[in-house]
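Visitor: Those protein sequence lines, which keep their order, are chains A and B. With the first letter of the first sequence counted as 1, position 133 gets the number 133 in the working numbering; the numbers rise by one all the way through. With the first letter of the second sequence counted as 1, position 232 gets the number 1232 in the working numbering; the numbers rise by one all the way through.
If you're looking for bench data, these hints aren't it; they were derived computationally from the structure. These numbers come from a predicted model, not from an experiment. There's no promise every hint is true.
Residues of chain A clear of chain B, computed beta-carbon distances all greater than 10 Å [said to hold, decoys possible]:
1. I29
2. E41
3. A73
4. N75
5. V84
6. N119
7. N127
8. T128
9. V131
10. R132
11. A135
12. M145
13. L150
Quick look at which bits of chain B chain A covers, simulated, 3 or more residues with Cβ under 8 Å [stated by the list, open to error]:
14. 1064 to 1071
15. 1174 to 1185
16. 1211 to 1219
A virtual CB, placed ideally from N, CA and C, is assigned to each residue, including glycine.
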Amino acid sequence: MAALGAVSEGDRDALRLVYQMTSAKLFGICLRICGDRTSAEDVVQSVYLRVWDKAGQFDATRASPVTWLATIARNAAIDWKRSVAGRPIAAASLDEGKADQVADDAPRADVLLLASERNARLHHCINTLEVRTGACIRAAFFDGMTYAELAALEDVPLGTMKSWMRRGLLKLKECLGDG
Amino acid sequence: MDEPLTPEQDRDALAAELALGLLDGDARAEAQRLRLSDRGFAAQVAAWEARFAGLADDVAAVTPPKELWDGIAARLPAVERVVSLETRLNRWRMAALGSGALAAALALVLLTRPDAAPLPAAQAPELAVARIEGDSAATVVRARYDGSEGVMLLRIEGLTPGELAPELWVIPAGGAPVSLGQIAPSGTARLTMDADMRALVKDGATLAITLEPVSPVPHAAPSSAPIAAGKITII
């Protein structure tokens, strides 16, 4: 069974390589959502442990590896955020600056390259929506805001918020033009 | 007034709501159930997740502290998980081959690992893996074959125990199924394969599971369609 041991080492090394190539991106995302380094570090650790368990579920026909990892990181950070009792629903959390206050390294060039095309298109399409709908999409993505919370924040009935968002989301998809 | 959404639009919007995390309480639980039970819906949710992931592109990368990896490594399980990991890495390799720049870089690194070098074609495979999946996402059997000992290790999840027993078949490309025997509906199994069987473990051959009447000896042929199947990959 010596081969098993060797492969096991190899697997671990492979996860490490994945970590080396993606951890700055995922840490950035977790930091942006969690707001503090200690929590972001905890979440990032849990993310790679989850990746270790879930890598078999990765489906290349649906997403690139980086997108898949970023989604796991975002969802884990949002889960963390929701589990923190008494989370403030603050308009201040809508602003963009949080992560920027923390010293950052330049993103890898290859990540930037991928990001810039997709990003430009997504921004363009979100900007074709009502300003409020776009802000709500961002608040849901980065702050884990639910319909109920968004409705309270915008001071509109729940049904109105749902109706705005559902139509906005379908319009967004149409604009992105990916089916 | 806006026209009401069509049922298709309604379902797609639900997928978006779940992906973005807008739902809570019962609505969220219901959508999660649908995601687990309906592959089409699960694909819609995944497509929305990929769309929204573009938002994360805005976020600057920040190098985590060096100790962070040590914390992860310390919590990784040891050798016991080897079976499923093999599959994972192959998934990574395949995935990376079909994707963007970073993916390609990952693929390059993974493919050039010295221990991942392909074996000469004439030689019997040392190591082979397969992931045998059913229609239900929960049914996953991971197989790992060690050619040096002719042993196939299986890790079985998500089969429902019943009157019929799961039976494992190897199907050579273009050939008839050959039974490797019956397996338990869950847990791990270790099959020692004789020389004839070993010769069937080849790249492109399929491992499949059917449900068969309980029998101490392997059946000559399957009596029904497979409930799960997957290709063998030589590594």
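Visitor: Can you confirm whether chain A covers the region 1174 to 1185 of chain B, using C-beta to C-beta distances below 8 Å and requiring at least three such residues?
Guide: That given contact is violated, which follows from only 0 residues of the region 1174 to 1185 of chain B lying within Cβ reach (below 8 Å) of chain A.
Visitor: With 10 Å as the threshold, tell me whether A/N127 passes as away from chain B on beta-carbon distances.
Guide: holds (13 Å)
Visitor: Examine the region 1211 to 1219 of chain B: at least three residues should have C-beta closer than 8 Å to a C-beta of chain A.
Guide: violated (count 0)
Visitor: Taking the closest pair, is the beta carbon of A/N75 still more than 10 Å from chain B?
Guide: violated (8 Å)
Visitor: A/E41: least C-beta distance to chain B exceeds 10 Å?
Guide: Violated: least Cβ distance 6 Å, not greater than 10 Å.
Visitor: Closest CB-CB distance from A/V84 to chain B, is it above 10 Å?
Guide: Holds: least Cβ distance 15 Å, greater than 10 Å.
Visitor: Take a quick look at A/V131 and tell me if its Cβ sits farther than 10 Å from every Cβ on chain B, holds or violated.
Guide: holds (16 Å)
Visitor: Should the label of A/I29 as a non-interface residue stand, given a Cβ cut-off of 10 Å to chain B?
Guide: violated (5 Å)
Visitor: Just want to verify: A/M145 was marked as not at the interface with chain B; is every Cβ pair farther apart than 10 Å?
Guide: About 8 Å separates A/M145 from the closest Cβ of chain B, which leaves it inside 10 Å; violated.
Visitor: Mind verifying the non-interface call on A/A135? Its CB should be farther than 10 Å from each CB in chain B.
Guide: Nearest chain B Cβ is 12 Å from A/A135, so the label holds.
Visitor: Would the non-interface assignment of A/L150 survive a Cβ cutoff of 10 Å against chain B?
Guide: violated (8 Å)
Visitor: Check the non-interface label on A/A73: least C-beta distance to chain B beyond 10 Å or not.
Guide: violated (8 Å)
Figure legend: structure checked against the earlier numbered hints; hints not met, in rising order: 1, 2, 3, 4, 6, 12, 13, 15, 16.
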